[in-house]
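S.K.: Sequence:
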Amino acid sequence: MLQGAEERYPPIEKLAFSLVVAARKLRHYFQSHLVVVLTNYPLKQVLAEPNISGRIVKWAVELSEHGIEYRPRPAIKAQALADFMVELTDEGKETSQSLWKLFVDGSSTSQESGAGVILETPQGERIQYALRFNFNASNNEAEYEALLAGMKLAQAAGAKHLEACSDSQLVVNQVKGDFEAKEKRMAQYLDLIRAFGQTFEKFELKHIPRSKNEEADQLAKLASSLTIMKDRSITLLTQEHPEIEVAKEP
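Those letters in the sequence shown? Residues 1 to 250, per UniProt numbering, in order.
It should be emphasised that the hints constitute simulated quantities derived from the structure, not laboratory data.
Some hints here could point you the wrong way.
As a list, the in silico DSSO-like pairs of lysine-lysine whose alpha-carbon atoms are at most 30 Å apart [said to hold, decoys possible]:
(1) K152 to K176
(2) K101 to K58
(3) K212 to K25
(4) K182 to K206
(5) K160 to K206
(6) K101 to K14
(7) K182 to K212
(8) K212 to K152
(9) K176 to K202
This structure is a prediction, so every number in the text was calculated from the model and none was measured.
Work the whole structure out from these sequences, hints included.
M.R.: As structure tokens, then:
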């Protein structure tokens with residue numbers, strides 16, 4: 001979150017500073033992975049320019065400690081990910097007993113929100129993506145959106161038996177019926193989750209501790225901070241509207 005003089009930075013400097021902040025907050029992640037920044041701004045050129053402001057020189061030196069690549073931001077559809085998952089799955093070997101695993105997490109800040117989704121095929125192949133919301137979402141709404149996004153991906157990929165895992169006690173207990181969804185929007189999300197659950201031969205939602213959901217958590221944090229993806233196995237998508245609003249459309 002930009003404060004004080006930071007709010008007056010030119011747009012390209014705001015983007016560079018956001019990358020620096022993300023690298024500081026997620027230092028262990030940046031140090032252990034290749035990070036690809038998807039942007040249509042000339043961020044790489046600005047950071048490499050010697051005749052620039054002192055603060056950008058400082059940021060460039062700080063970022064040089066990490067393995068970062070800068071690429072043009074492509075337009076990627078969620079269905080393309082599902083099609084890719086189908087290709088990874090051994091065709092003809094899918095049965096009603098084949099277990100697909102889903103790990104999801106949501107993240108919400110005062111300015112941005114997003115989700116992390118990891119879908120694993122019965123053969124152990126994995127696809128991971130960060131989903132950035134272009135709308136305001138509370139923490140609980142982000143958790144529900146993350147679960148819905150993962151379920152839709154699994155459905156499109158042809159999963160029949162899905163085991164979903166979330167570290168949100170509220171969402172898991174509401175879906176299981178242990179907690180009542182008192183808020184109207186939570187009730188709408190709950191209805192949508194249960195409807196999607198019926199599209200699988202078997203659907204189970206499990207609560208796991210956050211320590212067991214770190215990858216999805218990191219993806220969600222990346223989605224709610226910058227347009228970054230880890231390597232070629234992680235993609236950043238954007239979602240324009242809440243699923244409960246899309247579901248109302250005729």
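S.K.: Each of the hints needs a verdict: does it hold here or not?
M.R.: Now for the hints, and whether the structure bears them out:
1. K152 to K176: Between K152 and K176 the Cα gap is close to 19 Å, so the pair holds against 30 Å.
2. K101 to K58: This hinted pair is violated, its Cα atoms lying about 43 Å apart.
3. K212 to K25: 20 Å, holds
4. K182 to K206: Satisfied, since the Cα-Cα distance of roughly 21 Å is no more than 30 Å.
5. K160 to K206: 17 Å, holds
6. K101 to K14: 38 Å, violated
7. K182 to K212: Distance ~29 Å between K182 and K212 Cα, so the pair holds.
8. K212 to K152: 22 Å, holds
9. K176 to K202: Cα-Cα ~14 Å, so holds.
When held up to the earlier numbered hints, the structure conflicts with 2, 6 and fits the remainder.
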